[in-house]
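Protein chains in written order, with numbering that gives the first Met the number 0: chain F, 0 to 198; chain G, 0 to 198.
Derived by calculation from the structure, the hints in this document are not laboratory data. Quantities reported herein were computed from a predicted structural model and do not represent experimental measurements. Watch out, some of these pointers could steer you wrong.
Copies of one chain are not kept apart here, so a pair can be met inside one copy or by any two copies together.
Simulated pairs of lysine to aspartate or glutamate, DMTMM-like, Cα-Cα distance not exceeding 20 angstroms [what the hints assert, rightly or not]: (1) 22 with 77; (2) 22 with 94; (3) 22 with 11; (4) 22 with 137; (5) 22 with 85.
2 protein chains.
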Amino acid sequence: MALSPVISRLIEALRCLPGVGPKSAQRMAFHLLQRNREAARELARVIEEAVAAVGRCESCRTLSEGALCPVCASPRRDPLILCVVETPADMAAIDASTGYRGMFFVLMGHLSPLDGIGPAELGLDQFERRLDGGGIAEVILATSATVEGEATAHYLAEMVRERGIRATRIAQGVPMGGELEFVDGGTLARAIAARRDAS
Amino acid sequence: MALSPVISRLIEALRCLPGVGPKSAQRMAFHLLQRNREAARELARVIEEAVAAVGRCESCRTLSEGALCPVCASPRRDPLILCVVETPADMAAIDASTGYRGMFFVLMGHLSPLDGIGPAELGLDQFERRLDGGGIAEVILATSATVEGEATAHYLAEMVRERGIRATRIAQGVPMGGELEFVDGGTLARAIAARRDAS
Numbered sequence: 000m001a002l003s004p005v006i007s008r009l010i011e012a013l014r015c016l017p018g019v020g021p022k023s024a025q026r027m028a029f030h031l032l033q034r035n036r037e038a039a040r041e042l043a044r045v046i047e048e049a050v051a052a053v054g055r056c057e058s059c060r061t062l063s064e065g066a067l068c069p070v071c072a073s074p075r076r077d078p079l080i081l082c083v084v085e086t087p088a089d090m091a092a093i094d095a096s097t098g099y100r101g102m103f104f105v106l107m108g109h110l111s112p113l114d115g116i117g118p119a120e121l122g123l124d125q126f127e128r129r130l131d132g133g134g135i136a137e138v139i140l141a142t143s144a145t146v147e148g149e150a151t152a153h154y155l156a157e158m159v160r161e162r163g164i165r166a167t168r169i170a171q172g173v174p175m176g177g178e179l180e181f182v183d184g185g186t187l188a189r190a191i192a193a194r195r196d197a198s
Numbered sequence: 000m001a002l003s004p005v006i007s008r009l010i011e012a013l014r015c016l017p018g019v020g021p022k023s024a025q026r027m028a029f030h031l032l033q034r035n036r037e038a039a040r041e042l043a044r045v046i047e048e049a050v051a052a053v054g055r056c057e058s059c060r061t062l063s064e065g066a067l068c069p070v071c072a073s074p075r076r077d078p079l080i081l082c083v084v085e086t087p088a089d090m091a092a093i094d095a096s097t098g099y100r101g102m103f104f105v106l107m108g109h110l111s112p113l114d115g116i117g118p119a120e121l122g123l124d125q126f127e128r129r130l131d132g133g134g135i136a137e138v139i140l141a142t143s144a145t146v147e148g149e150a151t152a153h154y155l156a157e158m159v160r161e162r163g164i165r166a167t168r169i170a171q172g173v174p175m176g177g178e179l180e181f182v183d184g185g186t187l188a189r190a191i192a193a194r195r196d197a198s
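The shape of chain F in the complex, shown without the other chains (with noise of 0.2 angstroms):
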């Protein structure tokens, strides 16, 4: 083998990062090593800095760095609205590119029994306290429009309705820009029996 053992170990602690095979971390190891040790110093720290301070929102459950996140200590979010995700990325996506400026739920997964995820890995008795603590008239589901998601979305729907609250679920449908001719049966089916008045 050419390479220095620490090399290889760095190559091989790089896979752990989602999509990194062998080839992209060698080069991502030698990247970090040729040019750019500066970065990879600061890369480091923050890495260990972030896991060390980084917790659960007490308030949503989303990654945060206080006992809670941005979007809990907000004065400015509307309490009466509450929006169900399955993960810390889903809420960055919504709050980045929506209007919505509810408070956040985060599941920080879906039900999945089968890997031994229910009510309680989800957080639902937590989900319940917050439901049961009044002050909410709506409940948005914006878990994924998979089967798990579905199943989620429909158990939690269930929850919030037997306490007289509204439930409602992201729209489904053909996605922006979306040319028909490559859209999915499943999705176009969907379309056609969801749909709306012209306006």
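Model the placement of chain G on the given structure of chain F, informed by the hints.
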């Protein structure tokens, strides 16, 4: 913004990796924090260690932990042949997938006068000393098949031949598994020009 400051900084820091844009950086950051904190800590540790420990091999200039890289330190390599490559990655690729068991010399780039990369930056003084030291019968020029790589190979070939040493260039032609229909014209032209007697 829905993200804690340290998470934003982690996303930013991950973008120093080659081929990592804002979306992948975010995905990597969430992956490290949600699922893989032990691997994240290990990654930080190994980056720090590699950046501190890895320098250049005194003999071949590749990235190395020790004064000599594993190849230069090995008593089993053939000291008669020297293979010149542009990067440590090229050296690793040739070592891993060919039967080549000679020595290497790593330029860490190619001649590129417009970018201020001349003979000194590529360690050609060290290369000359190595040639003059004697004991080398052949120099394989394994720089890339690009304009800069060709120019560099040409320059090095002169240096090598001046000293009465054999200079060879790696073969160029149709790659393995390459269907002729999809091979570019330049490669095809070269493959025809460099044709050999059929075996």
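#### Entry: Broken hints, by number
Of the numbered hints given earlier, those the structure breaks are 1, 4, listed in rising order.
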